[in-house]
Amino acid sequence: MSLLSPAAHNTLSEFQGCHSWENRARLLLKYGQQLASITHEQRQQDNLIRGCESPVWCLLQQQDGTLQIQLDTDARLLKGLLAVLLVRIQGITAADLAQVDINDWFTQLGLSRQLSPSRSNGLNAVIQHIRTQLA
Amino acid sequence: MSLLSPAAHNTLSEFQGCHSWENRARLLLKYGQQLASITHEQRQQDNLIRGCESPVWCLLQQQDGTLQIQLDTDARLLKGLLAVLLVRIQGITAADLAQVDINDWFTQLGLSRQLSPSRSNGLNAVIQHIRTQLA
Amino acid sequence: MQQLHSPWRHLFPGIQQLNDTGQVWLDSAATAQKPQAMLDALLQYYQQGVANVHRAQHQPGERATLAFEQARQLAAHWLNASNSDCIIFTKGTTEGLNLLSHALAGQFNAGDEILLSGYEHHANLLPWQQLAQRQQLQLKILPVDNNGTIEIAHAADYFNSRTRLLAISPLSNVLGQLHSLQPLLAQARAQSIITVVDGAQYAVHRQPDVQQLDCDFFVCSSHKLYGPDGVGLLYAHPEQHALMQPWQWGGEMIEHCTYQSAQARALPLGFEAGTPGIANAIAFAATLEWLLSLDKAAVQAHEQALFTQLKQGLTERNMQIVGQPDTALISFNAPEVHPADLAHLLSEQGIAVRGGQHCAMPLFQQLGLPGAVRVSLALYNDSSDLQAFFQALDKALEILT
Amino acid sequence: MQQLHSPWRHLFPGIQQLNDTGQVWLDSAATAQKPQAMLDALLQYYQQGVANVHRAQHQPGERATLAFEQARQLAAHWLNASNSDCIIFTKGTTEGLNLLSHALAGQFNAGDEILLSGYEHHANLLPWQQLAQRQQLQLKILPVDNNGTIEIAHAADYFNSRTRLLAISPLSNVLGQLHSLQPLLAQARAQSIITVVDGAQYAVHRQPDVQQLDCDFFVCSSHKLYGPDGVGLLYAHPEQHALMQPWQWGGEMIEHCTYQSAQARALPLGFEAGTPGIANAIAFAATLEWLLSLDKAAVQAHEQALFTQLKQGLTERNMQIVGQPDTALISFNAPEVHPADLAHLLSEQGIAVRGGQHCAMPLFQQLGLPGAVRVSLALYNDSSDLQAFFQALDKALEILT
Ligand SMILES: Cc1ncc(COP(=O)(O)O)c(C=O)c1O
Ligand SMILES: Cc1ncc(COP(=O)(O)O)c(C=O)c1O
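Residue numbers (this note's numbering), protein chains in the order written: chain A, 1 to 135; chain B, 136 to 270; chain C, 271 to 671; chain D, 672 to 1072.
Bound conformation, chain A alone (with noise of 0.2 Å):
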């Protein structure tokens, strides 16, 4: 297990004061807002993720030994999502990453049903995708 950053503490008692999806809501679209985008230039089909219902892209960098991840997608709510799962796994190295619970956490931040098996959402195939990048 890696162990959490102090953004991804912050992060952490954040989403456990949302006592509502409303709130959850919210703070994910607050999340999303904060994540940089990635330009129209670099949205090429090499940076596409396959699998996700809206288009994710990804540029996947590694400096010094620690991954520099950035994530972007045109869906707010998924961006929020991205944006959250970057806290956890931004800057790490790629052996920490795959000691990373990541259903772990996103059940502590009360969105484990945003992991579901489904394709809809994208989030599983963005994971895979930087798990298979990094092998």
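FYI, nobody ran anything at the bench for these hints, they're computed from the structure. Values in this document were obtained by computation on a predicted structure and should not be read as measured data. Don't take each hint at face value.
[Claimed, not checked] 27 Å max Cα-Cα, derived DSSO-like pairs, lysine-lysine:
{"#": "1", "chain 1": "C", "residue 1": "Lys581", "chain 2": "C", "residue 2": "Lys665"}
{"#": "2", "chain 1": "A", "residue 1": "Lys30", "chain 2": "C", "residue 2": "Lys665"}
{"#": "3", "chain 1": "D", "residue 1": "Lys1066", "chain 2": "D", "residue 2": "Lys982"}
{"#": "4", "chain 1": "C", "residue 1": "Lys566", "chain 2": "C", "residue 2": "Lys581"}
{"#": "5", "chain 1": "D", "residue 1": "Lys967", "chain 2": "D", "residue 2": "Lys982"}
{"#": "6", "chain 1": "B", "residue 1": "Lys165", "chain 2": "D", "residue 2": "Lys1066"}
[As the list claims (entries may be wrong)] Rough simulated footprint, nothing fancy, chain C against chain A, three-plus residues with beta-carbon under 8 Å:
{"#": "7", "stretch": "57-65"}
{"#": "8", "stretch": "74-85"}
C-beta: ideal position from N, C-alpha, C; glycine also.
Starting from the known structure of chain A, fit chains B, C and D with the ligands onto it as the hints suggest.
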């Protein structure tokens, strides 16, 4: 409705006199035994009826407007069934054949189950073959 | 909003149980809930002891075969097919169309054309696209304009001497606009163009009459028609059986075989390789029988009244409706809102509607939309379902805008 | 005859009801009766409210998708597949083999060879025969001798440099002889020959272990395995997915498409075009779960004890047994009696056995037999079933000889 011939009346009373499956089976075997065989030379692809699990051969002629049908198979009970079929339709005209309710005939004989839609015993395929040949 | 109550709703245990868990089912175009009559038939078939069909001559086998063939007859009757030999049991619409794209392969020469509408579901596009690629055919598309409209009245203008096949749906799962295809199908027949009708959505809202439509082939799925999933129908016009070459091969679908050769049976058995879904066919027939027992006009009036309420509510809220829907379903977007976001927040509130491209990606490319939210109706819906939907919609829009 | 009682018999309502109508079910190799656990799962799925899978993100959709994917996982676990992505839900064994005969078409050049055993069911013969005809391949047959024996130990002698695929069943539905295929499959792998195992009968009597077998592909049918009809499994070895090209096309099996092109998804979804048989997959998984809960050794011992009684009774009566059966079923003839006659009179007495060629016509041509009567056993049979059979057999022979 074409009327029953004297031979058919006779068959009917014979079968209606059977009060057990065993007697019916023995009677069918007897009918089968009395049916003329189709020789091996005449057992050709052209004369083979498609769609029966046990191969059935058929020679069909119209003489003076009436049907002359020969049927044969190696399975003895099926051969008996073919024989009682012929009792009903041998020698009638093609036009009369169209009127014959074969289901009713077998039902009266207590053999209705042999006319099931299943392809396994082939009696249906035989009837269909004859009708198609004449159509 | 006037209160509309479905008199058939209580016959659907799934609707009751979904309601009990706070779910409102407005995704019937994806799959429909099942009436008790279907469940009873399914259970009864399995409980009384099963047997394979068309194989053994023992009594359970005869009984199963009889029930299976009666199911075929009922399906033929329901479609008004002239003959039950015209009915092939499939896994569903998709399999039916894939079957045709292989069974009819011998009818094309390189350069021949296949004509489709621009709003077809992937199931009625991709099998033809693949056939075209395999045999160097041209796939022609009846264009949908930016409003989602297609000029069915002028569709025959796209026929030419190379056109060999027309595949089209009378009711799109996205646009919800009912097209009367008869004139077009008649023009196709006059030019010896093979016609395939994708009735997956249409069959749910209008009882098909294949003789009146006069198409060559018609396909639909049981699961959208209140029946079990995993079974569907393919109707083949009696005069077109000769066009079809067998596709899947196996057990009892042949007349004779050796190690090196085989002759297939005629329709329908020659196209039903392997043990079929016997229970499903029988339970589907029970569903059709139940449907036949309903007052068709009352069902249609109820669905139409619900549709009007749906359309009105969306219009009042200035939603952007896709196309000119008039039947059973509406796809829409809220201005400046991504459909995935809207679908997400509706689902948070227990409203089961579908967001996305609805297996019609090329249509959405054509419309320049990332997708849409679709509300689809069935005979068991009440206006209370719509009220719940509108309430949730208002709430979602409050959050999103 | 020692009395053998199946401790599982009372869990099968179909067996009870058949018994109540005077029917003795000894045709389980054709299709098996269903345990209550299967019926409960099926009913529960439909009653709680259905949804399509892998499409919408509403809660009923998530729940159905989860249940469907859990069914896949359970099937993977049951087959000991390394990964549930290796499991494709099919309509049954026949569809699985037809799928492979198309999906693997790109692996062959004209003149390549496909090797089959001489006892294969039509389902594991005809799809390959048709592939061979389409692509000018050679179909080679491992010969069955007049006694119905095949020298599995020397089967690899039939491999040559052109052999590309071996398709074989460990347990024939006619011969009832269990073959250990592992050595042969290992030799095939060493020579890069693709291996396809038809497990339709085998899977019923031995829980398959695809990793131990180390085959490339394995197929079986739910309905023979006490599950619902209309569903089956295709296992594809994780390293062989790349060999497969998509076959059927439709709704959600693609990643992206335009009017003129499409990219399919990877396994398994890319091979499950259209709405799948969701209820059936879930009820099949419940059946497998129930099977896993049984004492495997006890089941096998019970079946084997029944088998011994069956073989003994037939031998005592000088019946002509086809081949060297050792597992689950025996095909036989009475001297000088046509199998159709015997089957007919057994069925008159309520004994459900199958007479005929059992979808293995070429095998019967090879054996020089018009057919055979087959008695097949399942875990719910008692020795009372065999006693009823023997009594009926004696009576039938009395009439026929
Ligand atoms: C118009 C149309 N065609 C075809 C299909 C495919 O049906 P199925 O998934 O039952 O094969 C659908 C279902 O979504 C549809 O709406
Ligand atoms: C050995 C074997 N293979 C294939 C099949 C075909 O199975 P299904 O009819 O379920 O597709 C059978 C069933 O009879 C079989 O016994």
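Query - Structure versus earlier hints, numbers of those that do not hold, lowest first - result: 7
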